[in-house]
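Sequences are here, hints too, so could you generate the full structure?
First to last, the sequence lines map onto chains A and B. The working numbering puts the first sequence at residues 1 to 107. The working numbering puts the second sequence at residues 1 to 114.
Fair warning: there could be bad hints in the mix.
What the hints assert, rightly or not - Lysine-lysine pairs mimicking BS3-like chemistry, simulated, CA-CA at most 30 Å apart:
{"#": "1", "chain 1": "A", "residue 1": "67", "chain 2": "A", "residue 2": "94"}
{"#": "2", "chain 1": "A", "residue 1": "70", "chain 2": "A", "residue 2": "2"}
{"#": "3", "chain 1": "A", "residue 1": "2", "chain 2": "A", "residue 2": "42"}
{"#": "4", "chain 1": "A", "residue 1": "2", "chain 2": "B", "residue 2": "57"}
{"#": "5", "chain 1": "A", "residue 1": "2", "chain 2": "A", "residue 2": "94"}
{"#": "6", "chain 1": "B", "residue 1": "15", "chain 2": "A", "residue 2": "70"}
{"#": "7", "chain 1": "A", "residue 1": "67", "chain 2": "B", "residue 2": "57"}
{"#": "8", "chain 1": "B", "residue 1": "11", "chain 2": "A", "residue 2": "42"}
{"#": "9", "chain 1": "B", "residue 1": "17", "chain 2": "A", "residue 2": "42"}
{"#": "10", "chain 1": "A", "residue 1": "94", "chain 2": "A", "residue 2": "70"}
{"#": "11", "chain 1": "A", "residue 1": "94", "chain 2": "B", "residue 2": "57"}
{"#": "12", "chain 1": "B", "residue 1": "57", "chain 2": "A", "residue 2": "42"}
{"#": "13", "chain 1": "B", "residue 1": "57", "chain 2": "B", "residue 2": "17"}
{"#": "14", "chain 1": "A", "residue 1": "70", "chain 2": "A", "residue 2": "56"}
{"#": "15", "chain 1": "A", "residue 1": "70", "chain 2": "B", "residue 2": "11"}
{"#": "16", "chain 1": "A", "residue 1": "67", "chain 2": "B", "residue 2": "17"}
Since the hints were made in silico from the structure, they are not lab data.
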Amino acid sequence: QKEVEQDPGPLSVPEGAIVSLNCTYSNSAFQYFMWYRQYSRKGPELLMYTYSSGNKEDGRFTAQVDKSSKYISLFIRDSQPSDSATYLCALAQKLVFGQGTRLTINP
Amino acid sequence: GAGVSQSPSNKVTEKGKDVELRCDPISGHTALYWYRQSLGQGLEFLIYFQGNSAPDKSGLPSDRFSAERTGGSVSTLTIQRTQQEDSAVYLCASTRDRANTEAFFGQGTRLTVV
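And the structure:
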């Protein structure tokens, strides 16, 4: 079993839609939960991180962690074409990444 | 430097040849990771260096792969006797400390084995 499972998509939605991206993990020892965004032919960049169960908001982005279910989510409100990228969940302390979900926002 | 630097950015090599990929992390970052990303795939962990501790090599796919980190700074990933399945983007990341809450990535080295 992989330590982190993420639906690779691809996911295509119209501009303005709410996007939900999800990961599940198997090891309850993970303490930090992150979302990275990767544009084509670029390295991933940190989008958000959290270390507790619950929600964390940053502008149009909300990260949600449910440690009891070992489930993490990223919500994007009012999605924009510039949000089109691959989104990867990551867990620390040893940085383990999900497969990444390729997201396209259609104008 | 301002960010993580990787070289070369692109490398085409013949099957069976050895290649060396270089990573120059952010100054002062104690942790360094190597990942491999195949087309349309996620990041496959290869190796992790933390300070002066023994590296975590658990992700290296075969004994053709090795890495070292000299002086706690620059790292080199070596692939011997390259195979076509080694073709991928090799990404290096560094973090400030053990907590690893924010990893900064280089642009990657795109390796093509022909």
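Next item on the list: Compare the distance between the alpha carbons of residue 15/B and residue 70/A with 30 Å, and conclude whether the hinted pair is satisfied.
Entry: Judged against 30 Å, a Cα distance of about 42 Å means the pair is violated.
Next item on the list: Decide if the proposed pair is consistent with the structure: residue 70/A and residue 56/A, CA atoms, cutoff 30 Å inclusive.
Entry: holds (16 Å)
Item checked: Agreement of residue 70/A and residue 2/A with the hint, judged by alpha carbon distance not exceeding 30 Å -> holds (13 Å)
Checklist line | Agreement of residue 94/A and residue 70/A with the hint, judged by alpha carbon distance not exceeding 30 Å | finding: holds (17 Å)
Next item on the list: Compare the distance between the alpha carbons of residue 2/A and residue 42/A with 30 Å, and conclude whether the hinted pair is satisfied.
Entry: holds (25 Å)
Check: Does the alpha-carbon distance linking residue 17/B and residue 42/A stay inside the 30 Å limit?
Finding: holds (26 Å)
Checklist line | 30 Å limit on alpha-carbon distance, applied to hinted pair residue 11/B and residue 42/A | finding: holds (16 Å)
Next item on the list: Could you grab the alpha-carbon distance between residue 2/A and residue 94/A and see if it respects the 30 Å cut-off?
Entry: holds (14 Å)
Check: Given the proposed pairing of residue 67/A with residue 94/A, does the C-alpha separation stay at or below 30 Å?
Finding: holds (17 Å)
Notebook entry, point to check: Can the restraint linking residue 94/A and residue 57/B be considered satisfied, given a maximum Cα separation of 30 Å?
Noted result: Between residue 94/A and residue 57/B the Cα gap is close to 12 Å, so the pair holds against 30 Å.
Notebook entry, point to check: Is the Cα-Cα distance between residue 70/A and residue 11/B 30 Å or less?
Noted result: violated (39 Å)
Check: For the pair supplied as a hint, residue 2/A and residue 57/B, is the alpha-carbon distance within the 30 Å limit?
Finding: Holds, at roughly 18 Å.
Of the hints listed earlier, those the structure fails to meet are numbers 6, 15, 16, in rising order.
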